[in-house]
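Enquirer: Protein chains in written order, with the UniProt record's numbering: chain U, 1 to 478; chain Z, 1 to 478; chain H, 1 to 478; chain X, 1 to 478.
Treat the hints loosely; a few may be bogus.
Just so you know, same-sequence chains aren't split out, so a pair can sit in one copy or run between any two.
Simulated pairs of lysine-lysine, DSSO-like, Cα-Cα distance not exceeding 27 Å [as the list claims (entries may be wrong)]:
(1) K60 x K337
(2) K434 x K472
(3) K113 x K434
(4) K434 x K307
(5) K212 x K233
(6) K100 x K467
Because the hints were derived from the structure by calculation, they are not lab data.
Number of protein chains: 4
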Amino acid sequence: IIQEGGQIQFADQKQEFNKRPTKIGLRSLSRSISQSSTDSYSSVASYTDSSDDETSPRDKQQKNSKGSSDFCVKNIKQAVFGRREIEIAEQEMSALMALKKRAQGEKPLAGAKIVGYTHITAQTAVLMETLSALGAQCRWAACNFYSTLNEVAAALAESGFPVFAWKGESEDDFWWCIDRCVNVEGWQPNMILDDGGALTHWIYKKYPNMFKKIKGIVEENVTGVHRLYQLSKKFNNLYCCRESILDGLKKTTDMMFGGKQVVVCGYGEVGKGCCAALKAMGSIVYVTEIDPICALQACIDGFQLVKLNGVIWQVDIVTTCTGNKNVVTREHLGHMKNSCIVCNMGHSNTEIDVTSLHTPELTWERVRSQVDHVIWTDGKRIVLLAEGHLLNLSCSTVPTFVLSITATTQALALIELYNAPEGHYKQDVYLLPKKMDEYVASLHLPTFDAHLTELTDEQAKYLGLHKNGPFKPNYYRY
Amino acid sequence: IIQEGGQIQFADQKQEFNKRPTKIGLRSLSRSISQSSTDSYSSVASYTDSSDDETSPRDKQQKNSKGSSDFCVKNIKQAVFGRREIEIAEQEMSALMALKKRAQGEKPLAGAKIVGYTHITAQTAVLMETLSALGAQCRWAACNFYSTLNEVAAALAESGFPVFAWKGESEDDFWWCIDRCVNVEGWQPNMILDDGGALTHWIYKKYPNMFKKIKGIVEENVTGVHRLYQLSKKFNNLYCCRESILDGLKKTTDMMFGGKQVVVCGYGEVGKGCCAALKAMGSIVYVTEIDPICALQACIDGFQLVKLNGVIWQVDIVTTCTGNKNVVTREHLGHMKNSCIVCNMGHSNTEIDVTSLHTPELTWERVRSQVDHVIWTDGKRIVLLAEGHLLNLSCSTVPTFVLSITATTQALALIELYNAPEGHYKQDVYLLPKKMDEYVASLHLPTFDAHLTELTDEQAKYLGLHKNGPFKPNYYRY
Amino acid sequence: IIQEGGQIQFADQKQEFNKRPTKIGLRSLSRSISQSSTDSYSSVASYTDSSDDETSPRDKQQKNSKGSSDFCVKNIKQAVFGRREIEIAEQEMSALMALKKRAQGEKPLAGAKIVGYTHITAQTAVLMETLSALGAQCRWAACNFYSTLNEVAAALAESGFPVFAWKGESEDDFWWCIDRCVNVEGWQPNMILDDGGALTHWIYKKYPNMFKKIKGIVEENVTGVHRLYQLSKKFNNLYCCRESILDGLKKTTDMMFGGKQVVVCGYGEVGKGCCAALKAMGSIVYVTEIDPICALQACIDGFQLVKLNGVIWQVDIVTTCTGNKNVVTREHLGHMKNSCIVCNMGHSNTEIDVTSLHTPELTWERVRSQVDHVIWTDGKRIVLLAEGHLLNLSCSTVPTFVLSITATTQALALIELYNAPEGHYKQDVYLLPKKMDEYVASLHLPTFDAHLTELTDEQAKYLGLHKNGPFKPNYYRY
Amino acid sequence: IIQEGGQIQFADQKQEFNKRPTKIGLRSLSRSISQSSTDSYSSVASYTDSSDDETSPRDKQQKNSKGSSDFCVKNIKQAVFGRREIEIAEQEMSALMALKKRAQGEKPLAGAKIVGYTHITAQTAVLMETLSALGAQCRWAACNFYSTLNEVAAALAESGFPVFAWKGESEDDFWWCIDRCVNVEGWQPNMILDDGGALTHWIYKKYPNMFKKIKGIVEENVTGVHRLYQLSKKFNNLYCCRESILDGLKKTTDMMFGGKQVVVCGYGEVGKGCCAALKAMGSIVYVTEIDPICALQACIDGFQLVKLNGVIWQVDIVTTCTGNKNVVTREHLGHMKNSCIVCNMGHSNTEIDVTSLHTPELTWERVRSQVDHVIWTDGKRIVLLAEGHLLNLSCSTVPTFVLSITATTQALALIELYNAPEGHYKQDVYLLPKKMDEYVASLHLPTFDAHLTELTDEQAKYLGLHKNGPFKPNYYRY
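Only chain U is shown next, with the shape it has when bound in the complex (with noise of 0.2 Å):
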């Protein structure tokens, strides 16, 4: 988060180029209209890509029923079902909900101009309508090539969103898109939503005077900033990952997990996850970790930590999880038994060195999307997932409850901002108020049905707290 006029500081390098939309990684964070088709059911492959006309957006003229033309969208015949979808992840993101119907009639952003910068989804849209709702102006680019559902960016560009983005945009697509959202006569942005710090150095580069009137940058990955959305990412990284690492591997291979051997890399919180939940179906679970508390977690928690040499020749299923690289290298898949799978929960896409299986001795062969059988000249194959991307991004799915954690929270974010004092956020990068978390949370707790108690005067005085919170100090950990 940076307030006006500040210097960022921005990722480096390594980071920043894993952020980097590019050709291989196929992101998909919302679930696909198709997937989970196994039969002909027409009305829903009437508006699958497949069988769209090839004809670039940029080549196309479209208006919305408006008579607006200030968007680009692969088909605005589409918005229908785009809105059909909005309108089901509503349903589920109760707490953006409850935001704009409580913060309506105030308008907190009213005269914010944002640009924003995320995976185009109906949760995206959810959020954009909310922020209109509260007085914002919004324009909006993809931050992935590939993860942009094109009903939905139809949809938006149909209420009158200008949206740039489509599925299967090219390299130079994706900066015309961020440009046209940006370089547009009569509108400056005042606050930005990036996501992994892209956006804000485009700007920062290409148009620095309107990057001095930038009141506020909403951004999840910036380093340093960690624990910015504490919440969202306990729900990203442990929660998430809990299902998801099921869903990735059966949707890929439909496996039974019962019995299995899974050796997990990395017991951090995506670590943690995995490993109950492969538990918990009863697989058998080794760990690895470099980390001795980490590792000594494990131990309690019933996981018996290995070395990977130890235990590469026996297991049925290796998952990478520590954002380091290399951490599974050819040696390692060399020592594999036949059929072993192979996928990557981690960060970044150099935890398993998949380059080093492109040698002439190993053949590749392409069983179902996302599943590639590599065969050595013996003829054991290794079963790779996803190319070593990550395997919950690219075949699975993130619920929407999460995404709705997410979203709640860069809305607030974006309020506080717009909203602070002059001065109040320094020229740096921030963290956001440990209550605003606490305020995410309890938006989201109706969903469940819970019921949060509350202190008493008494209490609240033992404790020395207020009786709204925050509950815990700054380093506790959840």
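Chains Z, H and X: place on chain U using the hints.
Expert: Frame of chain U; chains Z, H and X shown alone:
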């Protein structure tokens, strides 16, 4: 299992009806090739159905590479894709491969002429090729209008198996295939491998003379033979459903399990599996039961035992696992909260009173394949999965490992019956010897790198057992 | 269960031997009053055994407050303490109390003269007083030298029950008590409630004429009647052991379960319970099995199946649950690592070859009650619990709830047998009707505030069941 | 941790009060020798307290075998039994033994004069002997009136340690012991190992000149130092309580966990551990929380979040883990159902309003040690454990493994402080370096036969870490 000349006791009408193939039941016992794909991977797309021509297979003239035309499949040219699926299945069906290897020398099925009627999948192909290697001749038809994998059928036809099956058969096609399978000059079946009893019933009625020559019938579901495949049933119910409840819900709804309130109707084996899995993933699970013993088990296992009426207004998911009818009534459906998901994991299509939802005041909206929104006049939506058909079959897949146990048991049963001295199995339905289950289990242990302990002579004497089993009395509850 | 005049089939010698009371077997079926105390709380101490005088009860002249001396207990004055224990037990045995209330009007045991032979605990007292309220006359002896709670025996004697039992009986005392119980002028038993068959055997041998008048015998463990108390057995084995393995290990060794490596020998019901509990508390659990079906279950449930030899050198705990003999041999014991804990949760004292440890080169050191260190010449210590006797009986307690299920079943069995028309149960061992188990279960549901669902007429017809059960076929495996 | 001459910030009055020893708090940090015994095993009985004489240790003349009388213990002759307990503890405290071995050559504590104030248990003895081996001189007093193991104190005295402690000290004894420990001619402490701050406070007030010479203080609970022992705290709270909630309930009530309804107040680390354990054993668990973030975690983990009022009438057990006061009020207690168990796992004695139960209309009945029945006029009984004091300390034991982590951390902290260059730790309370926690963890990995992975140079560079740690930023939440 019925031996030569025996009178068969058919399933009562109710069950038989449920077993008969219907257009409504979209079952998929195998992973669908197009299922998990989210991008347009070309080589996969090349052998999906949608791109095929519309000519009926019955009108086509097809020959395999050896010149035979004694088969009827969608497209013989797809054989190479089917062969790859079979090879992958073989790697996971090591028990059958071991059986093939062990028994191959002695050809225990030499002279056997088997007519089969099952789902046509890669796993069935492995079974057929095993039976063939053991000496049998096989002819095969599909037990379901929709479950046939055309590529696999093509691969079998290419290898010389008379297979009559394709995806999307009409009812007329269906009976035509069975007839082509049975009624062939110069070939008379002496063994039947049935699924549901329809094939047996059909031969009995239409070709009574042929029926008298049948030496044995292997069928899983004839009334009174519930314990026939104890092992295979346990795997299909408890272990398989433990995983497929999660898989089916995730694939259709992308929901998050953590914190969801679920009511599971029925705490038999299927219910136990569903409850355990959902609890492990963080759902709050309620159970309904009619049997006080199962009810007490649910209590001790940590599930609140309720009447459906008591919780219907508050739960996020309702799942039926009872085998009963009208467990979820229109009245229950009316009391559900908005977005409540309703699905059936049980044994019949009657558990949810879906018929009652086809009334003028309710609007049905198909939001994706297998997912319908039923919309009340006040806007409330109920999410009905697979139109109340079996979620585990419609929206999930049976893992190859489980299919392997079933197929291995079937192969052993065929060998046992075919080689039994005349009169050993009388004119009645019989349980397979317990030892056979133990043998099937032992063939699957290597999959888990499992090491069985052998009794010493002294221990066997102490326990009054043979060293090689059977190890338990018939009434033992595993 | 044997009806009037029937010939009884006794347990074979092996089992009978194990069932006979021995000085070695220190069983405690009830919570011991002094057990959990760490400080010198006076009023508790006041009624413990240690402070008592040393006079044999047989030499004492005692009368209860009504003047009767037809009993023999340690100290009639302790009755008030025993009554309190009984009252506490009554609160947890609501099923028996409900049975008492329901059947009290009709006195279904009027005329029954029951001689009983069980552990003498507060729960047994509740059973006796229920039988009495239902019309029966009872005389009772203890089935174990050590398990009698003197205070409870005193309370029963004070209430007028002829009880002959105290803690620390000699073998001579033991048989004297049984004789006093049976051989009484003007009173002849017509029903037997036995535990292990010793009482039945004794009457049969010593008083053959009396035996002919016996109308029925209720006994849990006669050979061939394994399924007699399905429900009670399931609770005793699976659910009870799931808790008592933790309790027994904690009470004796104060160990931490998290991260401990454990091998559980045997994956029957007891083994399943032990494995589930230890896994849940974070132990790494290995399993040994001889039966491939149970072995496969262990695999699918997520336990590595091993031979004991393969892991004996690395594990922290070895537990036997097999019913077999010499499962843990001297050779295994020799290979264990220092501080390895060895204990037995199975059915006999022979599972661990304890005898082999009584050799000159090994030193035994009792470090606390039920805990011996066996010390090798190199200083290695093995921690042997309860000298290889049953850990769950020696070092843990059976929860009142489980005892309630057993006692309720016994009471119902006595009623059933006593009221059965002559000849209904023939001269053989019989299973109780399945419906009785269902009834026992239903009596215990209110404990859990559990609400059973009732079948509609339509549903009962559809399932072919009576609305009130039995709900499952005899072979059903819960 | 306070360095030389520093001003200490004491705990606020509330906390200090809780930490001060009281007659009411019956804490036992170690397994009690007589605890698990149910029979009169003689050699154990021979060294229990009850058989001892009543003379106050202060009035006895005792010498150890080397002729020293600089100690005051119950009975120096019990040393042999205490030595055995210490030897057993050593086997489970291998981390401390390893530290002893590694650092023994260099004597990093040479010249250190440590005055200690902790529970006197076998584990403390291992710590003291380690400090001594590293070069320190130690004098020790007990921090609790009741927790001292007399045999261990005797063994320490016999080995030459000036120990002043016995079980059952009066308040006057208590301060006398501390004084004897500190105020000795020719010996002046330069390091303090405190527990709760009372010793530090006492020296500061009574011997201000001595206090100025103190080079460092190691204390776990000084206000503001919550993160001092992250690792040790995590183990004490989460992992330890996960086991001790079961142990404490079982030891006091012999209840069955399966099917019990439990409400856990507070979902911090202790609450999380309790909930996980109870859920795993088949209880139905409800949670109350005041913090919406912890509340949301409870929901996602599968626990129904409620207000205490909403479930108080239906639950079988109420457990508090909040650190708050009056969480369970008299009103709540009044609404509980008969036989409801109430206990406290939290941080203070104030969580349950026990005082409110001391009113004339309620009858208290002590049914066994640590278990009171509070009886309403209508006969309803509430089962109150440990009079509302900490169940985990009163009725369970802290596993040696957890004590080992604490003791190892204390030893390392003493070494760190004693050897730090003057001024390195300023006049304030300090966190120990993160690396120290990692080192403590690594010393405990061999216990689990755990194999840590080492970073390659390339990986360390990629991650920007040193190969030997620290591996995580300070804010990392394990």
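Enquirer: Would you mind marking each hint as holding or not holding in the structure?
Expert: Here is how each hint holds up against the structure:
For the identical chains of this complex, K60 and K337 are neighbours neither inside a copy (52 Å) nor across copies (44 Å), given an alpha-carbon limit of 27 Å. Taking identical chains as interchangeable, the C-alpha atoms of K434 and K472 lie at most 27 Å apart whether they share a chain (8 Å) or sit on different chains (21 Å). In this assembly of identical chains, the alpha carbons of K113 and K434 lie at most 27 Å apart only when taken from the same copy (26 Å versus 44 Å across copies). Taking the shortest Cα distances, K434 and K307 sit within 27 Å of each other only across copies (24 Å), while inside one copy they are farther apart (38 Å).
For the identical chains of this complex, K212 and K233 are neighbours neither inside a copy (30 Å) nor across copies (47 Å), given an alpha-carbon limit of 27 Å. For a Cα distance limit of 27 Å, the shortest separation of K100 from K467 inside one copy, 25 Å, qualifies, whereas the shortest one across copies, 49 Å, does not.
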